[in-house]
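Using the supplied hints, reconstruct the complex from the two chains, each of which is provided in its own coordinate frame.
These protein sequence lines map, in sequence, to chains A and B.
Note that this note's numbering has the first sequence beginning at 1, numbered continuously upward.
Note that this note's numbering has the second sequence beginning at 1, numbered continuously upward.
If you are wondering where the hints come from, they were derived from the structure by calculation, not from laboratory data.
Quantities reported herein were computed from a predicted structural model and do not represent experimental measurements.
For glycine and all other residues, C-beta sits at the position ideal for the given N, C-alpha and C.
A couple of the hints might just be wrong.
[Unchecked claim] Heads up, simulated DSSO-like pairs for lysine-lysine below, C-alpha to C-alpha not over 27 Å straight-line:
#	chain 1	residue 1	chain 2	residue 2
1	B	K207	A	K92
2	A	K92	B	K81
3	A	K16	B	K55
4	B	K71	B	K446
5	B	K110	B	K30
6	B	K132	A	K16
7	A	K16	B	K375
8	B	K132	A	K86
9	A	K18	B	K110
10	B	K55	B	K99
11	B	K55	A	K18
12	B	K71	A	K92
13	A	K9	B	K90
14	B	K90	A	K92
15	B	K122	A	K86
16	A	K9	B	K81
17	B	K110	B	K207
18	B	K122	B	K212
19	B	K30	A	K86
20	B	K132	B	K30
[To be verified] Label-pair ranges, simulated between beta-carbon atoms:
#	chain 1	residue 1	chain 2	residue 2	range
21	A	S47	B	Y316	35 to 45 Å
22	B	M262	A	E66	30 to 40 Å
23	B	L315	A	P51	49 to 59 Å
24	B	I246	A	D84	37 to 47 Å
25	A	E13	B	T249	43 to 53 Å
26	A	T46	B	L315	51 to 61 Å
27	B	K4	A	A67	52 to 62 Å
28	A	V38	B	T249	28 to 38 Å
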Amino acid sequence: MSVTINDVKHISELAKLKFSDVELNEFTNQLNEILGYVEKLNELDTSNVEPLSYPVEMTNVFREDEATPSTPREIALLNSEDADEKYFRVPKVINQD
Amino acid sequence: MLNKYEAVIGLEVHAQLLTNSKLFCGCSAKFGNEPNTNICPICLGHPGVLPVLNKKAVEFTALMGLATNCKINQKSIFARKNYFYPDLPKGFQTSQYDKPLCEDGFLEVKTKDGLTKKINIKRIHLEEDAGKSIHDQAYETLVDVNRCSVPLMEIVTDPDINSSEEAYLYLTKIKQIVQYLDICDGNMEEGSLRCDANVSVRLIGEKTLGTKTEVKNMNSFRNVEKAINKEIERQIEIIEDGGKIIQQTLLWNDNDNNVSPMRSKEEAHDYRYFPEPDLMPVVIDEKWQTRLLSILPELPEKKIERFVTQYQLPLYDSEILTQDKSIAEYFENVTSICDDYKSASNWIMTSVLGYLNEKKINIKQFPISSENFGKMLNLIKSGIISSKIAKEIFSEMLENNSDPEIIIKEKNLVQISDTDEIKKIIEFILDTNKSELEDYLNGKEKIFGSFVGKIMKESKGKANPKIVNELLKSILESMKN
Chain A
1 MSVTINDVKH ISELAKLKFS DVELNEFTNQ LNEILGYVEK LNELDTSNVE PLSYPVEMTN
61 VFREDEATPS TPREIALLNS EDADEKYFRV PKVINQD
Chain B
1 MLNKYEAVIG LEVHAQLLTN SKLFCGCSAK FGNEPNTNIC PICLGHPGVL PVLNKKAVEF
61 TALMGLATNC KINQKSIFAR KNYFYPDLPK GFQTSQYDKP LCEDGFLEVK TKDGLTKKIN
121 IKRIHLEEDA GKSIHDQAYE TLVDVNRCSV PLMEIVTDPD INSSEEAYLY LTKIKQIVQY
181 LDICDGNMEE GSLRCDANVS VRLIGEKTLG TKTEVKNMNS FRNVEKAINK EIERQIEIIE
241 DGGKIIQQTL LWNDNDNNVS PMRSKEEAHD YRYFPEPDLM PVVIDEKWQT RLLSILPELP
301 EKKIERFVTQ YQLPLYDSEI LTQDKSIAEY FENVTSICDD YKSASNWIMT SVLGYLNEKK
361 INIKQFPISS ENFGKMLNLI KSGIISSKIA KEIFSEMLEN NSDPEIIIKE KNLVQISDTD
421 EIKKIIEFIL DTNKSELEDY LNGKEKIFGS FVGKIMKESK GKANPKIVNE LLKSILESMK
481 N
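Just chain B, same shape as in the assembly (with noise of 0.2 Å):
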């Protein structure tokens, strides 16, 4: 980006409510069905129905704002926003305009070069989602309404936001909260959260904002990231150019990595909102809100903290494994078993995490479980068996789960810590590598390592390496004099 310019970035997250039911209607709110099986007169609008409102959609919202340092509104109200569009049936979406359910919050991020970054959210409101068109087909359009007013969430930051960064770490903080309140499964590739960006350019020190475009369909997190660099990169351009920017929205292209205005027959929007009459007001009242404030789980910030303090863990540390909220509960319940707080942290990060990636799978699927990983964990920590073994170990249970204590026995693998045992293998090397020992005495000590790499192996990675270093450098001092 040239210096002189500032992006100003606004987001609003839409994030699909893990609800069993629709918002209005008791048909399911479950992806992945068969086409139109999950609909119902009142979701297909039709004449004379009328919604009633889900409870839980209206605590996970207000959860949400409770999570993210949000006045939860006492009164708020449902609204119509009237625009014509196949996939949604009735004409209008009914959303929350002027009083939504959550007003005037902040997220805190920090940015690479260490900086905390406030951005404030404006709203949250609680909303339905319309249904899929499927466009790729030669003459008509395909509507499919399963999704059709499944609970939405929609989080709308202020245009506090400069850079693709920032973006990004907010996006990735909702996701971790909505994970945390277990509201959301927060999978932008399957659409369950949803970005758009406005973004819009301006000179630095300027005070009033530039023309905004909104830029959509972003499915992942990168690609929210690119997409706002690539809007910035194009509007800095067009200035630069001597050209205006037109207000539209811009649909991101993941295939050639770039924008393109949108090509629809949607009217220019003119929403004319007013009151849904169909539902009544809710009423939020110091009691509910009490009870919500109750169940609030521990959030990611608290619980980085907490592990700092808890376990003596570096932050590095705890922000790693507090990032999703079953990683935490699985390094809690390890260390039920094993104190060695930074062992089993260290293992869970690189071993456990590195597992996780490669098998693209969660937490939940890992196949040790917290009981066996603690037991590995305690048999280092007593001098049982050497990290080395612990791999090997690690490697077994991956496949079966087996109690760590039982491998060890069975494949005889327990560390050698006999000094007498130890002496053996040391003095067997000694005098199966006489040249070496030669050397080593003429004076070139730099190839003690290779001494140590020979007993362990000699010992098939089971003797002690501390006693291992210890016996071989007194012996070896003892041969000098």
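Excised from the complex, chain A in its bound form (with noise of 0.2 Å):
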């Protein structure tokens, strides 16, 4: 499996990230670096194997259904780029006419 400069300009847009020609063709050599030493791991036939996505094996870790304190608005607020005394604000999203 490799990834073409496409794949690569595709998943930064998706990532909001924006590179220069060079960095593409930079990072699509070293994706594909990274794509090669794990494809070694398809050698191995695993299809009996469930997959693991968890390196630990614990289940079930809840919390119970209690409601506690927020933090106060206007801390809240405070780390927004942009917010009034209530809401965050941020470049519109819907184009209306």
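Right, here's the structure in full:
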């Protein structure tokens, strides 16, 4: 498996990242190196092995349904790039007529 | 719809779960608080924070699965659905992908023409809600994160639905079940229950599915029905004109009763789901499942059946009384006082439900206690009051939930069943209406009813109508001879 420069462009767009052509080429090569390395693992027959998504075998980690105090609004809004006294403010999302 | 086409519809229902806290943090899940007051670093998606799963949300979802004939997956996992939108601060929605909590269920609905339609439920999974964006500002979009991470249960059907009527019935049933389970308040107007419809059309007999569109933004059950009809119509028109359906998301507009493409900067869907590394798998073993089954309440279908057998009610009555769990409960409380079940059913279906509709309130806000209501029915049953007087007492009870036995004593409303007393009234009426009496005796027998009316009026509605009828008939007969 390998990626093309177009795949890398697509991924960067999805991640909202902008790269120069030089960087795109470089990342394509780097990604292909990594994929090639991992490809080696495909030589092993794992058709009878459950996929492992978690390195630890823990299950059912829960909290009880209890409401606890939230962060005061003025503090929560503090880390935002833009806010008024009640809301986070972001660039317009919907194009209006 | 043109007869040669059939619609193929799948529904995605999102139900906000009635938990106290959010899905992954302790912030309050309450609706309607001041903007951005139920937020913390976890639901704001600050770096380094770790979610911890709300156990109740898992149980609620599993209960819904059991109530809709689903298989509860022994092991289920959470996944990240990646996309950027400002009301989702983390940049991904924590949801479930290939291993949802519940799969392969079904519900049955009964259509107007009496057919039973089975609608398969593909999956029910648990995920977090997004925040709320406010767009109608001059320059920016404002974001309220309160709703972000409130637990949502998503119920997805197979494309088994073939009409807006079936969609409506299915949704009504989902609402009824979530309310019976007490896991969601089922209010589409307030958005605690939401429904998106995937709609396509094809020629009848065609095996492959047509291109589908997704219709969103319907805020009532009737609007879901209307939006689906509109979209079916729109698609057929395009195809008839030789055009092609474009796969897209459409928004229903309540004001002009139409659908239009969503105008959003959200990019083409490429969600890149992957297992959520911060949440451990959920394992619902047999023991847990057995416990859930033991707390599963009686569901609407079972209740309807029981009402028919236990109270000998017609199916129609049973269906009406069980539409809302609290009304069914009220009915049963009334029947613990008065065992005239059919009378209780009639009164609740007409007078009580009529009042609730008129005042737009629910049964819990209904002023008359089930105890006083049952007492009133007993007074009718034992002939102490007529149903006409009962209507008066009913209105009085609506004012202040007073005891009907006290009302009838205070107002002297006890039904007159004493034949001597009734006889006096009859004689008085016949005496004062001589010409009508003559007409009657000359064969104009249909004015019998007008005598009854006058007698009832004279008695201020208190005369026992059955006795009035019998006595009057025998007196008039004796006069004929």
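Q. Would you say the C-beta atoms of I246(B) and D84(A) sit inside 37 to 47 Å of each other?
A. Roughly 38 Å apart at Cβ, these two residues keep to the hinted range, so it holds.
(Q) For a C-alpha distance cap of 27 Å, please report whether K132(B) and K30(B) respect it. (A) holds, 14 Å
Q.
Hinted pair, alpha-carbon criterion (27 Å max): K9(A), K90(B). Please report holds or violated.
A. holds, 22 Å
Q) Within a Cα-Cα threshold of 27 Å, do K55(B) and K99(B) meet the stated pairing? A) Distance of about 17 Å is within 27 Å: holds.
Q: Mind checking the alpha carbons of K18(A) and K110(B) for me, to see if they're no more than 27 Å apart?
A: violated, 55 Å
Q: Please work out if K71(B) and K446(B) have their alpha carbons no farther apart than 27 Å.
A: violated, 66 Å
(Q) Can you confirm whether the C-alpha distance between K16(A) and K375(B) stays at or below 27 Å? (A) violated, 70 Å
(Q) Against the 27 Å threshold, does the CA-CA distance of K122(B) and K212(B) hold or violate the hint? (A) Distance ~18 Å between K122(B) and K212(B) Cα, so the pair holds.
Q: Evaluate the given range 28 to 38 Å for the C-beta pair formed by V38(A) and T249(B).
A: holds, 36 Å
**Q.** Pair hint K90(B) and K92(A), alpha-carbon separation not exceeding 27 Å
**A.** holds, 19 Å
Q. Has the given pair, K16(A) with K55(B), been kept, meaning a C-alpha gap of at most 27 Å?
A. Violated: K16(A) and K55(B) sit about 35 Å apart, past 27 Å.
Q.
Please check whether L315(B) and P51(A) have a Cβ separation lying inside 49 to 59 Å.
A. holds, 50 Å
This entry does not satisfy hints 1, 3, 4, 5, 7, 9, 11, 12, 15, 21, 25, going by the numbered hints stated previously.
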